[in-house]
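Listed below, chain by chain, are the residues.
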Amino acid sequence: MARRYDTRTTTFSPEGRLYQVEYAMEAVGHAGTCMGILARDGIVLAAERRNINKLLDEPAFSEKIYIINDDLCVAVGGITADANVLIDEMRLSAQRYLLQYQEPMPVEQLVSSICDIKHAYTMFGGRRPFGVSMLYSGWDLNYGFQLYQSDPSGNFSGWKATCIGSNAAAANSMLDQEYTENMSIDEALSLTIKVLNKSMTMSKLSADKVEVAVFTRKEGHTYLSLLPQSKVEKLIKDLEEAELAKKEAEKKT
Amino acid sequence: HLSMANPMSYNGGCVMAMKGRNCVAIASDLRFGVQMQTISMEFDKVQQMGPRLFVGFPGLATDTQTVFQRMQFRKNLYELRENKSVRPQTLMNMISNLLYERRFGPYFVEPVVAGLDPISLEPYVATMDLIGCPMEPEDFVVSGTCTEQMFGMCETLWQPDMSPDELFECISQAMLNAFDRDAASGWGCHVYLIERDQVTVRALKARMD
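Protein chains in written order, with my numbering: chain S, 1 to 253; chain U, 254 to 462.
It cannot be assumed that every hint is accurate.
[As the list claims (entries may be wrong)] With a Cα cut of at most 30 Å, we get these calculated DSSO-like pairs of lysine-lysine:
#, chain 1, residue 1, chain 2, residue 2
1, U, 458, S, 54
2, U, 458, S, 218
3, S, 252, S, 204
4, S, 218, S, 54
5, U, 458, S, 209
6, S, 251, S, 198
7, S, 231, U, 337
No lab work stands behind these hints: they were computed from the structure.
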């Protein structure tokens, strides 16, 4: 049934679906997990590192988390080559705004502008959509810390905690249960590790399979810092100890 | 009121930079005027473009601001894509390129670049003309409405291998005595001393005329 209506991006199917867009979202669903959690004083971003081939050269900064400007970074899920194009466009967009208004571009406006580009590929030109979903972690003066998610359709929304990529559904439902408002960064970090542990594609969570970054502000500047492996290892260990303690407590009762 | 006349001297102002031993200094006067009338005494023509990299843009004030803002755009993208701090030489070439893009309708600024290389910490100074012809000497650079006076002072006072304190004293005296002989420059001065581990900004007490 879908056959006749799925080869052209710009054609609706009789049931009112855009198959190419849905297939693009499928592509994202096969990618490594990316998660973002909004804490009261910052944002925690985590990404599953898929390419742990030891012959691979080290990435300059991160495999999945990219800096757009001083106050915004993104974690990408999907076709990396597609993502690179969008990242470059976002960087240009942010600088153009800064040049014109001599003010940093508000987060939602940047997200919106890149989503407009993504959307254009679902409506004009007959070219395939971008096979990329992104998590945007940003700060601006008016709304403070914000977390947004966008998908290949060009749709976006603001989130308190969300996940994209493989096993996103499991991770999202877990976040739904465990997320509480006004978490501290440390609580958000623990939650991130806990959720990743349950939903990772690979069997067991280890520090070399995941990148964790913390997005905070200090003295009027925004900082994105990738946690060193040792810190991630400690978080995993803390989680394991907590789980063990819980099991022991349950055994006694 | 007079018409625009010479855009390079319409607003007035001057910048100079000098090399020392493991340090550089850059100084700017603070006058902003419209021909003979002084409007502001807080118009510093030097802007920071990196942890140890400063650029001065003397000339037409509107172009001072525009060229700086356009350079910010290009420098920000450079640093995001290359994932490193821009080197003084590279920044100089970027500015030169930006100015030459307007070869037949130029920006009326003659920038001065001063900084330490981010890795080797080698001192660097440079200047260029309004269409981007670069000059990277071993000693000092000057730019603005009183270049004749500044050249005279620098040539007399500058020596190689000065310590940060000596360099500060040297550039301060050179600036003060040069722009005091120019009606279109002066009204205060800021001196930036850039060393390996710190940057010091000082305001000089000058003749306020």
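Results of checking the hints against the structure:
no. : hint             : verdict
1   : U:458 with S:54  : violated, 61 Å
2   : U:458 with S:218 : violated, 35 Å
3   : S:252 with S:204 : holds, 27 Å
4   : S:218 with S:54  : violated, 36 Å
5   : U:458 with S:209 : violated, 59 Å
6   : S:251 with S:198 : holds, 21 Å
7   : S:231 with U:337 : holds, 25 Å
Comparing the model with each earlier hint shows violations of hints 1, 2, 4, 5; every other hint is respected.
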